[in-house]
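Protein chains: 2
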Amino acid sequence: MNTTQLLALDAWQLSTLLTRRELKAEALVRACLERITEREGAVHAFTALDPDAVLATARALDAGPVRGLLHGLPIGVKDLFDTADLATTYGSSIYAGYRPRADASPVALCRQAGALVLGKTVSTEFAYFTPGPTRNPHNTAHTPGGSSSGSAAAVADRMLPLALGTQTAGSIIRPAAYCGVVGFKPSLGRVASGGVKSLSPTMDIVGGFGRSVRDVSLLGAVLTCDARLSGWRDLSTSDSPRIGFFQTPAWPQADADVQRAWAQATRILSVQAKDCQDVTTPFNFGDLIQLQKDVMTFEMARALSHEHIHHRARLSAPLNSLLDDGMAMTGEQHAANLSTVAQWRQRIDALFECHDVLLTPSTTGIAPEGTATGDPLFCRSWSILGLPSVHLPFTTGHKGLPVGLQLVGRFGQDHHLLAAAQWVQERLQG
Amino acid sequence: MNTTQLLALDAWQLSTLLTRRELKAEALVRACLERITEREGAVHAFTALDPDAVLATARALDAGPVRGLLHGLPIGVKDLFDTADLATTYGSSIYAGYRPRADASPVALCRQAGALVLGKTVSTEFAYFTPGPTRNPHNTAHTPGGSSSGSAAAVADRMLPLALGTQTAGSIIRPAAYCGVVGFKPSLGRVASGGVKSLSPTMDIVGGFGRSVRDVSLLGAVLTCDARLSGWRDLSTSDSPRIGFFQTPAWPQADADVQRAWAQATRILSVQAKDCQDVTTPFNFGDLIQLQKDVMTFEMARALSHEHIHHRARLSAPLNSLLDDGMAMTGEQHAANLSTVAQWRQRIDALFECHDVLLTPSTTGIAPEGTATGDPLFCRSWSILGLPSVHLPFTTGHKGLPVGLQLVGRFGQDHHLLAAAQWVQERLQG
Chain A
1 MNTTQLLALD AWQLSTLLTR RELKAEALVR ACLERITERE GAVHAFTALD
51 PDAVLATARA LDAGPVRGLL HGLPIGVKDL FDTADLATTY GSSIYAGYRP
101 RADASPVALC RQAGALVLGK TVSTEFAYFT PGPTRNPHNT AHTPGGSSSG
151 SAAAVADRML PLALGTQTAG SIIRPAAYCG VVGFKPSLGR VASGGVKSLS
201 PTMDIVGGFG RSVRDVSLLG AVLTCDARLS GWRDLSTSDS PRIGFFQTPA
251 WPQADADVQR AWAQATRILS VQAKDCQDVT TPFNFGDLIQ LQKDVMTFEM
301 ARALSHEHIH HRARLSAPLN SLLDDGMAMT GEQHAANLST VAQWRQRIDA
351 LFECHDVLLT PSTTGIAPEG TATGDPLFCR SWSILGLPSV HLPFTTGHKG
401 LPVGLQLVGR FGQDHHLLAA AQWVQERLQG
Chain B
431 MNTTQLLALD AWQLSTLLTR RELKAEALVR ACLERITERE GAVHAFTALD
481 PDAVLATARA LDAGPVRGLL HGLPIGVKDL FDTADLATTY GSSIYAGYRP
531 RADASPVALC RQAGALVLGK TVSTEFAYFT PGPTRNPHNT AHTPGGSSSG
581 SAAAVADRML PLALGTQTAG SIIRPAAYCG VVGFKPSLGR VASGGVKSLS
631 PTMDIVGGFG RSVRDVSLLG AVLTCDARLS GWRDLSTSDS PRIGFFQTPA
681 WPQADADVQR AWAQATRILS VQAKDCQDVT TPFNFGDLIQ LQKDVMTFEM
731 ARALSHEHIH HRARLSAPLN SLLDDGMAMT GEQHAANLST VAQWRQRIDA
781 LFECHDVLLT PSTTGIAPEG TATGDPLFCR SWSILGLPSV HLPFTTGHKG
831 LPVGLQLVGR FGQDHHLLAA AQWVQERLQG
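Residue numbers (the numbering used here), protein chains in the order written: chain A, 1 to 430; chain B, 431 to 860.
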């Protein structure tokens, strides 16, 4: 197999070859490095690479027993995660050259499962809106989205089969949508967050990117230590999930591309799924957008208090402005917001009595032109609710850029969500 | 005022003198350092001190405007919090000499409010059970409790007026009880946790120690950015709170000292409070103990995965055993536990319809002799429920060692809890 053929395979297929010893991890790493050499000048997905070290680790893996679900798979790690062997900057010059003492918990778990950390990928500044240098590999005049910009772009551009990201507002689902890859955000609290730079501790979630549902299911199984996530095939994909079509109150802000994709997907699914129903907006669902913003603004101002106090001049103007706004908010309001969030998390569970998953937009449209990372409008509610979600690439919009849709699952039912996502992906691709 | 007189004052009184400029921060720091020099050889509360740097900062504070609620107050910081200017070890030799790049968020907030970080205080190994060298200042043959051992001991021994701690099982309330100081654990999610070593992200809570309720209310107001917490006097302490007496299903494990303190306190409060009622155990409240253990064991194994994989030989046997147990637990069980926890947090709220606060034991007895840090039995339920709680010192048990009781408040109502604690403290001391 030549490099192009090898990199056309998804992580699941690569994993099969690696565990059967029909493919050497070293060969796969070399193919990825070749692709990176070819494309990095245009895409700028990475902040740190150490090819020699990764090749040495790959050779050691090839010489030893199969380690786990990610054996021999090269992964990218968003530069918001601490790594003991690669510089970690959190997307800010304040941390230039910083080398943490330990791997963040998710990185340690992936390595233990046999993954090879090929490099650190670009994050926006502290995972907020100020972009890094990454460009959308489908059209470098466009943003890859953020904040997990480099991870989404590297997977989309076949530099890597898998990559880690984080989401507080829309930082996994949105770049997955803009880059046309599968993004998976697990249920809140299911993935250890130690060593991941904290933004909004009541919402921050670790997840990742792949090119298929089965790819992110491998990663998800390792991150949550729940084998059911990669066992979706056992959940019988012939069983149709009950799907709720939920446009949400933000629907008027979905553009023509998203509305077309929605119409097309719901038409297909209505025919093929046993049970599809439109979801009428429950309660004041639209309030969740502002609630997410308020909790995030308050918490980010405290999470980044050291940087805000000591390095103000090295923070971007938008971030300083957010942190100023956050510091002006009171803990009294925050306490009330946390209580409201707790009520919402309880209340939303009722929606899943009659739907296994909700189909909903991922973004307002294709990746915008320029560097701004786009609007997380359709992700904020699911982030604050802590529900698992998957972005499924589906079709293209204008300029041929990717458009897809989001599936949202019940809290803690990440394995059912992935099984449903696999079912939907097969129908939409058919 | 001589050193003894000065150190007899609580943080609230010191704060009054400091903000009126009747006391210099430098003089207070010198008094604390004098006390530390005298006592540290017996108590072993500190892991790092830099007297010259703190004195320089104190002089700068004395020369400038009043900074905030903690202006000029020396504080101790549990060695689980990152500090940019002092070594941070998390209670483990793995991190010997580690100097983080930034202050943990709570440290940055305290400094911004004018606090002087006098030193880092001893934590047990990664805030689990393996003790550090700290001894109980009331009787050095006994444990100070843990995991916030040094913070509780230093405040009890008048080396410092205030100190920061964290709780995942019982790591604030238990050492507060054993050392006879006030401990305050805020509601889950109200205090930023960035830069605090993560153990169990769905339960870890930052709080602190003082010698009176009004002391911890100052610290609490800064940590939560909620001015109501230090405004408890405005909540009218003449209004009696409605108190639920809740022995919990663990009551049979409370020893004679605790049962005597309970009888005495409930007798006083029954006479003085408008509304006191015995709480009958709701639902299967006793199940919360095992639930807390399971969630903590699963999450700690992931949080400390880097250390567990790479530094096994430098972890204590009990910690390795816990982490092994945790790694053997499945994410499937963890997901189910998180759902159960969410239901419990919702359900417990009903208890506070008829009680403003619950009175409940803090510990099974006085500080045990030896080095083992004691049993967090009476704290685990409140930790997993995420409810705010306060330990109130009250009387003494055998060997003259401190015994007190715990007050638990409604989620997010930390200010009401502190007002009630002040009311109860005044009645019990009267």
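Quick caveat, the hints were computed from the structure, so don't treat them as lab data.
The structure displayed is predicted, hence computed values, not measured ones.
All C-beta atoms, glycine included, are put in the ideal place defined by N, C-alpha and C.
Incorrect hints may appear among the rest.
Said to hold, decoys possible - Just a few of them, taken from the derived set where beta-carbon distance is under 7 Å, the chain B residues facing chain A:
| id | residue |
| --- | --- |
| 1 | Ser-535 |
| 2 | Ala-622 |
| 3 | Ser-628 |
| 4 | Arg-658 |
| 5 | Ala-680 |
| 6 | Asp-708 |
| 7 | Arg-732 |
| 8 | Gly-761 |
| 9 | Leu-768 |
| 10 | Ser-769 |
Report the numbers of all earlier hints that the structure fails to satisfy, in ascending order. Checked against the structure, the hints that fail are numbers 5, 6, while the rest are satisfied.
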